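Could you put together the complete structure from these sequences and hints?
Chains A and B, in that order, are what the protein sequence lines are. Numbering-wise, the first sequence is residues 1 to 142 according to the numbering used here. Numbering-wise, the second sequence is residues 143 to 290 according to the numbering used here.
Simulated from the structure, these hints should not be mistaken for lab results. Any given hint could be a false lead.
The following residues of chain A were derived to be distant from chain B, with all beta-carbon distances above 10 Å [what the hints assert, rightly or not]:
1. Asn64
2. Val65
3. Asp66
4. Ala111
5. Pro126
6. Glu129
7. Glu130
8. Ala131
Straight-line distance between alpha carbons at most 27 Å, and here's what the computed DSSO-like set of lysine-lysine pairs gives [unchecked claim]:
9. A/Lys90 to B/Lys272
10. B/Lys238 to A/Lys76
11. B/Lys197 to A/Lys75
12. B/Lys263 to A/Lys58
13. B/Lys263 to A/Lys115
14. A/Lys90 to B/Lys216
15. A/Lys86 to B/Lys286
16. A/Lys68 to B/Lys238
17. A/Lys48 to B/Lys206
18. B/Lys215 to B/Lys259
19. B/Lys263 to A/Lys90
20. A/Lys76 to B/Lys272
Predicted, not measured: the structure shown is a model, and the values here were computed from it. Ideal placement from N, C-alpha and C gives every residue a C-beta, glycine not left out.
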Amino acid sequence: MGNIINFSSSVNSIFDDFLNNQLVNFIGSDTASNVPSANVSVSQDDFKIELAAPGLQKENFNINVDKKSLTISTKKEKSNELNGDKFISKEFNYTSFSKKFQLPKGVEREAIVAKYECGILEIIIPKKEEAKELPPRTIQVN
Amino acid sequence: MTLVNVNPKRRQTHSVNPFFNLFNDVMTYSTEETGKKLVKTRPEVNILEGKEDFKLEIAAPGLKKSDFDIIVKKDVLSIVANVENEITKDVKYTRKEFDYRNFKRTFHLPKSIDPSKIEAKLEDGILYLKLSKKEEAKELPTRKIAIG
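Right under this line is the structure:
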């Protein structure tokens with residue numbers, strides 16, 4: 001059973017580490033995180049992606065599933081009027097991003113569901129019946 | 143004497159931006175290393191300044207109102223979250239990039255703030271704090287003095 005792999009993981013992790021640990025130290029607060037972090041977990045019945053993308057509405061998300069991958073992207077109109085406020089420090093800005101995940105084999109692509117709650121986008125990807133791990137069974141000898 | 147945990151690298155950062163010293167982050171829980179991957183445990187914060195107030199936006203997705211403690215002691219503002227770890231059976235993380243259930247971020251308040259006028263609200267995973275400036279610190283409109 002394959003795991004859900006973040007397609008651009010190598011690129012992302014270079015970027016993440018670079019932005020978060022190095023650039024910020026050099027340049028200061030002008031570089032803000034703009035690709036949300038994700039947790040991926042697996043249980044007996046499904047895979048779950050949790051994307052930490054606070055400050056959005058569910059209408060802002062686009063989730064596209066193709067043969068092998070799932071892409072989450074956002075496009076938020078700049079509704080946050082600054083009203084003359086100035087940024088003193090900016091560490092995050094999740095209004096526009098795209099993150100792609102590779103789907104493992106044996107998932108029900110038609111049955112994927114998503115919800116947005118407390119700033120976390122949760123996507124449940126059910127496994128196909130035949131891909132589920134069955135509990136061990138004992139066969140009796142008659 | 144007070145014991146203050148300051149990451150020298152971060153302090154360097156702030157010297158680039160003079161305004162940041164207003165709200166110096168004196169103590170933070172940094173990202174903890176789990177295996178090779180870094181898990182983000184320290185929420186990101188945006189700070190804005192307006193004519194009448196400062197605004198803090200703390201990105202702490204997945205938390206409820208009751209999970210936060212916001213404490214003002216003298217000129218130090220602390221935002222703390224302490225959520226008990228749920229034991230979830232049969233769930234295995236194959237990728238873990240964030241966990242904001244336990245953190246503390248501390249800020250020095252600038253003198254221009256009235257500590258009794260701080261408001262907080264939680265919306266879509268962002269904790270918004272509004273810190274009003276003291277009357278005398280508010281930016282007054284430009285005035286022209288006529289020669290009598």
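Results of checking the hints against the structure:
For A/Asn64, the requirement that its beta carbon stay farther than 10 Å from each beta carbon of chain B is met, with the minimum near 20 Å. Every beta carbon of chain B lies more than 10 Å from that of A/Val65, the smallest distance being close to 18 Å; the non-interface claim holds. Listed as a non-interface residue, A/Asp66 keeps its Cβ farther than 10 Å from every Cβ of chain B; the least gap is roughly 20 Å. At roughly 19 Å, the least C-beta separation between A/Ala111 and chain B is larger than 10 Å, which holds for a residue marked as non-interface.
Every beta carbon of chain B lies more than 10 Å from that of A/Pro126, the smallest distance being close to 14 Å; the non-interface claim holds. Distance to chain B confirms A/Glu129 as a non-interface residue, since its nearest Cβ pair spans about 18 Å, more than 10 Å. A cut-off of 10 Å between C-beta atoms confirms that A/Glu130 is not in contact with chain B; the least separation is 19 Å. With a closest Cβ-Cβ approach of about 15 Å to chain B, A/Ala131 is found to remain outside the 10 Å limit, as its non-interface label requires.
In summary, the hint linking A/Lys90 to B/Lys272 is supported, as the alpha carbons are separated by about 16 Å, within the 27 Å threshold. Restraint check for B/Lys238 and A/Lys76: satisfied, since their Cα atoms lie roughly 26 Å apart, inside the 27 Å limit. Between B/Lys197 and A/Lys75 the alpha-carbon distance is near 24 Å, which keeps this suggested pair within the 27 Å criterion. Simply put, B/Lys263 and A/Lys58 have alpha-carbon atoms about 20 Å apart, close enough for the 27 Å limit, and the pair holds.
With a C-alpha separation of about 22 Å, the suggested pairing of B/Lys263 with A/Lys115 holds against the 27 Å cut-off. For the proposed pair A/Lys90 and B/Lys216, the alpha carbon gap of about 25 Å is at most 27 Å, so the pair holds. With a CA separation close to 26 Å, the supplied pair A/Lys86 and B/Lys286 stays within the 27 Å bound. Straight-line distance between C-alpha atoms of A/Lys68 and B/Lys238 comes to about 22 Å, which keeps the hinted pair within the 27 Å bound.
Under the criterion of a C-alpha separation no larger than 27 Å, the hint pairing A/Lys48 with B/Lys206 is consistent with the structure, at around 21 Å. A C-alpha spacing of about 13 Å is found between B/Lys215 and B/Lys259, which places the hinted pair at or below 27 Å, so the restraint holds. Restraint check for B/Lys263 and A/Lys90: the C-alpha separation of about 19 Å stays at or below 27 Å, so the hint holds. For the suggested pair A/Lys76 and B/Lys272, the alpha carbons sit about 24 Å apart, so the restraint of at most 27 Å is met.
In this structure, every one of the numbered hints holds.
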